[in-house]
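S.K.: Residues per chain are reported as follows:
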Amino acid sequence: MKVADWIAEHPARVVRVAPDATVEQAADQMLSQPCLRDLYVVDHSGRVVGHVSYRKLAKLLLARYHPRPTRRQILERVTGERVSHIMDMHFPCARTSEDLDDVLHRLLDHDMEDMPVVDEAACLIGAINLSALLRAQRESTSASDGG
Amino acid sequence: MDSLVTGSLMLGLLTLGGLLGGVSAERLGLPRVAGYVMAGVLLSPSLLGGVLGLNVGEWTGEFTSSALAIIAYLIGGSLNPAQLRRLGRVILGVVLGETAGAMMAVALAMIAMQWLLGGEFSLLLPFALAALACTTEPAATVAVVHQYRASGPLTTTLLGVVALDDAVGIIVFSIVAAFAGGDGVVDTFFAFTREIFGAVALGWLGGRAMALSFARQSRTELDLPLTLGMILLINGLAQFLEVSALLACMGLGFFVRLSLPMGTRKAFRPVEYLEETVFVLFFTLAGAHFELSLLIQFMPLVLVYYLARTIGKLLGARIGAGLAGGSVTVRRNVGWGLIPQAGVAVGLSLALADQPAFSEIAVAVVNIIIGSTLLYELTGPLLTRFALARAGELGKKRGRAMR
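These protein sequence lines are chains X and V, in that order.
If you're matching positions, the first sequence starts at 15 in this note's numbering and goes up one per residue.
If you're matching positions, the second sequence starts at 1153 in this note's numbering and goes up one per residue.
Calculated from the structure, these hints are not laboratory results.
Mixed in with the good hints there might be a few duds.
Okay, the calculated beta carbon distance ranges per label pair [what the hints assert, rightly or not]:
no., chain 1, residue 1, chain 2, residue 2, range
1, X, Ala136, V, Ala1541, 18 to 28 Å
2, X, Cys137, V, Arg1421, 43 to 53 Å
3, V, Leu1374, X, Asp115, 19 to 29 Å
4, V, Leu1374, X, Cys49, 54 to 64 Å
5, V, Arg1179, X, Arg82, 12 to 22 Å
6, V, Arg1179, X, His24, 20 to 30 Å
7, V, Ala1234, X, Ala135, 51 to 61 Å
8, X, Ala136, V, Arg1179, 19 to 29 Å
Computed cross-link-like contacts, DMTMM-like style, restricted to lysine to aspartate or glutamate with a CA-CA straight-line distance of at most 20 Å [to be verified]:
no., chain 1, residue 1, chain 2, residue 2
9, X, Lys70, V, Glu1424
10, X, Lys73, V, Glu1272
11, X, Lys73, X, Asp102
12, X, Lys16, X, Asp102
13, X, Lys70, X, Asp102
14, X, Lys70, X, Asp123
Just so it is clear, CB atoms sit at the ideal spot from N, CA and C, and this is done for glycine as well.
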């Protein structure tokens, strides 16, 4: 199955935010979609330029409750005001023409629950949702067990 | 016992002994550091170490060198140029002011002590202690901030300063060590240039190589061996090439972060978990070098170092904040939160023993730093709390995390 076929059959919502949004604004966006755990930083032309995980946002906004942060975490807390300051610029993504089986290991190897799907211009057009994959796998297993 | 078994046994005893000592100290309401040091004292040649035939001195250089390499790497990788710009003038001004203030105060105080006590005059001890005076222990300050849920401009400034000034401390220490290694003006100049610029170049090369390696492999289980292997390799190469190993490892961390933005997770998180282990080793090792007779002999120097460094930090931070346009609240209070000193200073004092130029004073320096560190551990958190209270930035003491 191609990635394009998967996202057509399993459309997934994605959370987008601009690079100059504050960390608090990004958290509000994320909380408005409580089932999602990945936030994509998208520039004015729709290109995906970064990724922020829910966990990273929570760690930053709840940093005062962390008893032993590292120096790196302390400096992120002091200097991380905008999404562009804290986003990961290198993250796995899938293209519509790729085989689904070939891209799944990237999702499992990284701290992400959704894998963004981009077109040739790196514009975000959807996502492969981990829970949808798991649901499909369980349904397939149940069907073969029952059948 | 052959040397390999002795080294392995030594490492195990130091780590577990220190851990046990630290946990016991905490249970008794004492600083954990005191427990680590006491464990080391028990393992020293004059006590259990002598009975077990453990020669701590034989292994101090290697352990310390590798452990400091890891710490220097983490310090180098903790910041990038974009973050430095965002820190703002006040934090940078305070860092420069308090490090310069502490260095000058300690150097002048030690020179004055030498003059008062008489005897052979040497700049080695004043310069060595001045270089060590720069560093601040972030954990103690952060612990108070966390305990009282402190927040506000002073809190933010303090956090930025304590996260940054270990980097300045290592740079200053490397420069002092490079200067001390020369013989005569010309030789000193060339030694300095080779050690410092050679270290930066080696760190840059290592950082680029490491970034390329990370770009080619995504398996998380390989992150730690890759990172640890590169740190130890660069450390060893730096020693072989006779350039500053500390600066080279710091450069490695800095340049790998610069070259690979995603490396903040892959290139640092696996090694960050080792930092506490490293500090356990530092303090326990330092304790094993501790000699009560020397501490008693050097007690006046311990007290002078403690007072001079404290005064230098207070005045230097105040002046730095003032020149950078900091608010009255920050100017008046930031220095009080910069008093704690521990892990990195102890590690650097142990590293002095490996520097031929400082070998004569190394034992004295270790004992002075241990003695003053115990004083800082007892008084530092109280002074940080005082500063935050005076600034009106104390929240409620930690009880329940949320209502």
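S.K.: Hint by hint, note whether the structure agrees.
M.R.: Do the hints match the structure? See the list:
For the pair X:Ala136 and V:Ala1541, the supplied restraint of 18 to 28 Å is violated, since their beta-carbon distance comes to about 51 Å. At roughly 31 Å, the beta-carbon separation of X:Cys137 and V:Arg1421 lies outside the given 43 to 53 Å, and the hint is violated. Take V:Leu1374 and X:Asp115: their Cβ atoms lie about 23 Å apart, and the range 19 to 29 Å holds. Roughly 32 Å separates the CB atoms of V:Leu1374 and X:Cys49, a value that falls outside the hinted 54 to 64 Å.
Between V:Arg1179 and X:Arg82 the Cβ separation comes to about 18 Å, which falls inside the hinted range of 12 to 22 Å. A C-beta distance of roughly 54 Å is found between V:Arg1179 and X:His24, which places it outside the suggested range of 20 to 30 Å. At roughly 26 Å, the beta-carbon separation of V:Ala1234 and X:Ala135 lies outside the given 51 to 61 Å, and the hint is violated. The supplied range of 19 to 29 Å is broken by X:Ala136 and V:Arg1179, whose beta-carbon atoms lie about 56 Å from each other.
In summary, the hint linking X:Lys70 to V:Glu1424 is supported, as the alpha carbons are separated by about 17 Å, within the 20 Å threshold. Restraint check for X:Lys73 and V:Glu1272: not satisfied, since their Cα atoms lie roughly 55 Å apart, outside the 20 Å limit. Distance restraint check for X:Lys73 and X:Asp102: the Cα-Cα separation of roughly 15 Å lies within the 20 Å cut-off, and the hinted pair is therefore satisfied. Pair hint X:Lys16 plus X:Asp102 does not hold up; C-alpha atoms about 26 Å apart against a cutoff of 20 Å.
Between X:Lys70 and X:Asp102 the CA atoms are separated by roughly 10 Å; this keeps the pair inside 20 Å, and the hint holds. Our distance criterion of 20 Å between C-alpha atoms is met by X:Lys70 and X:Asp123, whose separation comes to about 17 Å.
Checked against the numbered hints above, the structure breaks hints 1, 2, 4, 6, 7, 8, 10, 12 and satisfies the rest.
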